[in-house]
Structure formats: C-alpha cells, structure tokens
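Asks: Protein sequences appear in the order of chains C and H. Mapping the first sequence onto this note's numbering, position 35 (from 1) lands on 35, and the numbers just tick up by one. Heads up: take any position in the second sequence, counting from 1, add 1000, and you land on this note's numbering.
Treat the hints with care, since some could be wrong.
Quick look at which bits of chain H chain C covers, simulated, 3 or more residues with Cβ under 8 Å [stated by the list, open to error]: (1) 1074-1088; (2) 1118-1126.
Computed, partial: chain C to chain H, Cβ under 10 Å [unchecked claim]: (3) Gln12; (4) Thr19; (5) Gly103; (6) Arg123.
Think about it this way: if two alpha-carbon atoms lie no more than 30 Å apart in a straight line, the pair counts; the simulated DSS-like pairs of lysine-lysine are [unchecked claim]: (7) Lys1165(H) with Lys111(C); (8) Lys1206(H) with Lys111(C); (9) Lys1206(H) with Lys1165(H).
By construction, these hints were calculated from the structure, which means they are not laboratory data. As the structure is a prediction and not an experimental result, all values here were calculated from the model. Just so you know, even glycine gets a beta-carbon here, dropped at the ideal spot from N, CA and C.
Spelled out from the first residue to the last, the chains are:
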Amino acid sequence: MAAPSRAPRDAQALRLVATFLRMGVQTELQYRANVVFSVLQSVVAVATSLAVLGLVFSHTDALGGWSGEELLVVMGVYVLMGGVIRSVIQPNMQQLMEDVQQGTLDFVLTKPADGQLLVSARRFELWQAIDVVLGAVLVAVAVVRLDRPVSVIEVLGFLTALVLGAVTIYSFWLLLTIGAFWIVRVDSLVELFDGMYQAGRWPVSVYPGWLRIGFTFLVPLAFAITVPAEALTGRASGWLLLGAAAFTVALSVLTRVLWRVGLRHYSGASA
Amino acid sequence: MDDDGGNGPGSGGQPAIRVRELRKTFRVAEREAGLRASVRSLIKRAHRDVDAVAGVSFDVAPGEVVGFLGANGAGKTTTLKMLSGLLHPSSGEIAVLGHTPARREREFLRRITLVMGNRNQLQWDIPALDSFEMNRAVYRIPEAEFRRNRDELVELLEIGDLVRKPVRNLSLGERMKAETAAALLHRPQVLFLDEPTIGLDVTAQKRIRAFLAEYNRRTGASILLTSHYMADVQALCNRVVVIDAGQVLYDGGLRALTTRFSAHQTITVGLPEGGADLSGYGEVLESTPDGRTSLRVPKTQAGAVAARLLADHQVSDLTIEDPPIEDVIEQVFADRSAVGAR
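For reference, chain C alone in the conformation it holds in the complex:
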C-alpha cells in the first residue's frame, strides 16, 4: 500500500481513539461499584471547595479583582480540568511509566500506529469523568449568577481556551513522563503534579509574581484554568487567546520532539 495521505491517516487516528474509548467505557462498566465511590468523592471535594469560597467571601467582596461568582467559574474550570486529567491523561501516563519499567512498551512500539497516540489514548476512566460534568455545572451556575450577560464570542473563546488548556496539560504530563526513558522511577511526579494542581483552584493573579510565572510557564496552570475562566468572564483579549494558542502549539511540538528523542534513547540509537 502506498503511504497514506494526511487526511486518511488522521481519520484512522480518530477511529483508533474511538475504539479505545469504547473499550475503556466497556471496562469501566464492569466496575459499577466504583461509580458510587467516585460520585461521593467528587461531591465531597466540590462541597469543601464551595465552603472555602463562601468563607473567603464572607470577609471580602473581591479577591485579586475577582468577584465570588467569577471565582466560581475558576473553580468550575478547575474541577472540570481535574476530571479530564484523572479520566484520560493521568491513567495513560501512569500506564506508560509502568510499560517503561516493565519493558512492555516493546509491544506498543512494535505496533503499526503512532506510538505517542497509542500511549496517550489507551486508557479511559469513565467514572473520573464525573468531575467534567460537575465542573461544567458549576461553571453554568456561576454564569447564570454573574451580574453581566455572557456573549457568544466569550463562550466560544472559553471553549477554545479549554481545549488549548487540556492539550497544554497533556503535553506537560507527557513531558514529565518521557523522563521515564532516562530515569526509570518517576512515580513521585504524579503526587508532585497533584500537589501543584491544587494551586489552580485560584486564578494565578492572586499569587505573587514569581509563583505566577511558574504557574504560567513551568506548570501551565494559568493556560489550563485561569485563561478559560478569563475568557468567560470578559477578561481575555483576543491576543491572550492567541498567545495561549501559540504556547500550546510550541509545547506540543516540544513534546513531540522529546518523545522522539526519548524513543531513540529507549532503543539505544543515541548510544
């Protein structure tokens, strides 16, 4: 067969992802008991956050220029993005680390499909995606309570920023995991990332300058959470979104390059 052109290849990739998604859902449906636990966990987490938010705003009207409703948007995005991470990104990356440690990555690399795609789409934890729904509800509630109408453009900007944010977080995670090609034990990174992600429940503008820069470019919480929230609350200019898009593309390309370098190292081509 001749080398397939770009379009059929992309269609193929989508079909592959769709199959993996279907299998993931089928697997999760076998563990229905998990749903109760997951829902409970999500509800408790959100309730705690709401309580903290309520407490803060019982003392003040605004935090770093954000009103209570606006911060609810930030929290909604935080919960939503957390759901994306825990249902798709984290399970796949953990599997990748295990595969590197146990040598089962060999099976992935002997498959006639893009390796990065395979390692990124193999797992899907359905019940963790409850947070995506819960986060969306929080955002919707917040939008209704905002004292200004939200335009269609702002909603579109918000959705775009969400997708960019998800890609950014994915790239960041994969970058960390690629470290496994050199240092075999990177499990603790998961906990480290979890800890840092907690900081995303507040807009990055509430943090002091050096932390803000860190949360923007080192751990891209700003792009993942704050920027979408800014888009929905009328704070984001077109330039900011463009900047976010540029950052996302740059990070994706860097990830792709390092993935290849990592593979070369894994297969001993660099030695």
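Starting from the known structure of chain C, fit chain H onto it as the hints suggest.
Replies: Same frame as chain C, now just chain H:
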C-alpha cells in the same frame, strides 16, 4: 505435513530474515559496591562497553522455523529486539521481509509479530476478545478478515470459552494461548517468539507447540524461536542457530548438532551371564540387575570399545547411541562458560 518443502536455507529466493555481522554494544555504568564507590560514581561515572551481540550472521528462509538457542545473556533477546525494530544495531545489517527493522515502517510492523512469554500485552481487566478488537483497530484489519482470523485462532487454540473472561481470571497457560492469538490476528509473515512456553505446564506447552506448527503449515510464516525447553525446539525446528557470548557457535540441523558437539557416545551392552565389571571400558552410567550396562565412551573410541566388548564377553546385544539433544546443548553451554568466563 512436514514435507521439508519450504524448510532449509537453500530453498531459493529472498530470505525472510537476513542478518549480517550484527553488533550491539551497550554502554553500562560500572561501579564497585559500597557507599564510597557510590558517591564517587556520582561525580565520575566509569563506563564499560559490553558487546551483547558481537558479529552475528544468519538467514531464515520463508516458511522456515529456526530455533535460536543460547544461555541466559548470550544475546538472544537483544538480537530479537533488533530484528523487530526495538533496538538499533550498533553496526551490521538486517533485512526482514526486505525492510530495515530499525526504521519501524508501518508496512514492516504489520507483517511481523513479537511474543514474549514473560510479558503480557493483553489488558488485564478486560476479556481477551476486547483486546483483540483493539488490535483490529491498530492493525487496521478489515472486519471480515478479522473475524475469519480470530475464529480460526480461537478454534485452533481451543480458547472459545476463555476469551470472554477478563484476562486476570485466566490461568497462565490460558493467558498465553490468548496472548498468542492476539499476536497473530493480523497474520504476520514473520514471528519472533521469545520463550513462548516459559512457565507453562507440559500440556499447555504441547498445545502451543502444536498450534505453532499448524500456523506455520497453514500460513507459510517464518518463525524464529527462543526457548529453554528442548522439546519446543525438537518439535518445531529443523534448524538451530546457537549463540554464545554474542557470536554464532553453530548454525545447522538439529541432528548434526549432536554429532558435532558431543564428544561422547553411549554404549549399552547386554551380558547374559551378568555381573561383570565393565568400568575398564568406559564410565559406567547405569547397570541393571538383568545384566544391562550403559557406558559413556569418547566418540572416537566407541567402535574400538564395542569391538573389545564383543571379543571379551558373551554379548547378547549392543547399541551405540548419541546422547539426548538436551544433554548436548547443556554440554555446549557448560563447556563454553567454563572456557569463556569473562
């Protein structure tokens, strides 16, 4: 079934696998035990180059089943990994079905498979059937062809009931059968099998063995197989490539291996009067009360010893045999590691 048609390297045409002067050198960090050495190695790392594969050449013809033998650390797995494109050779040439494996072209990967007995690729929590479905998507097997291949494999391996259970509920033998089926759904033309029967009970081993022979017969695929079980090799391979310390020690027929590497033969002699002490003729391996004695003698003297036995004693019967292949291989590695401990 085994008419030797496609077997033997001389069957003409392009070889399915062609390996020339293949080398793989690993750079390993070296440090002595102890805290002080650990600290020192943080600052200045001492490296040593280890030749895992040091100039290996061989061909495998289309449809041929070749046993790839060697002690642990001889370079078998490293070679298999280079053949399947997982490792880049340090030097040398490989062509598998005309492809250079290290390029990992999809067309190449679609035509081969890799099975490692000690590692599984099936997902633990879902039934094998679902993993098959994933492989269908990855290999882009057309639906009708997929069904046909799957049903054929399921039938041949007798795993009809098992493929619906989550893989974690299967026994090791059952899992290995399912693994094998998953690895062959796309009908690969070249199979790299690294210890496909390791840890399995005798029945399961036999089942896998019979299946592989049948698969080879039906599809004409080439198989390169490593195994610690000589029964696997005897049942499947006419030819073996023995490697040691990264080099080919022997490449040829299984029977000829015995002739070449065994310096001894076993003479079994029956003496009706019994009771005679035959230790003067050779090393007595076994002596039974009914007067049968087995002697281990150097191959070059076997004829002479037999003649002497016949002249000196009243002999009812006498046979001269090569030792079992397992013993020969064991001998080969024992001798080599004694010589080449480095």
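Asks: Go through the numbered hints given earlier and state which of them the structure violates, listing their numbers in rising order.
Replies: none
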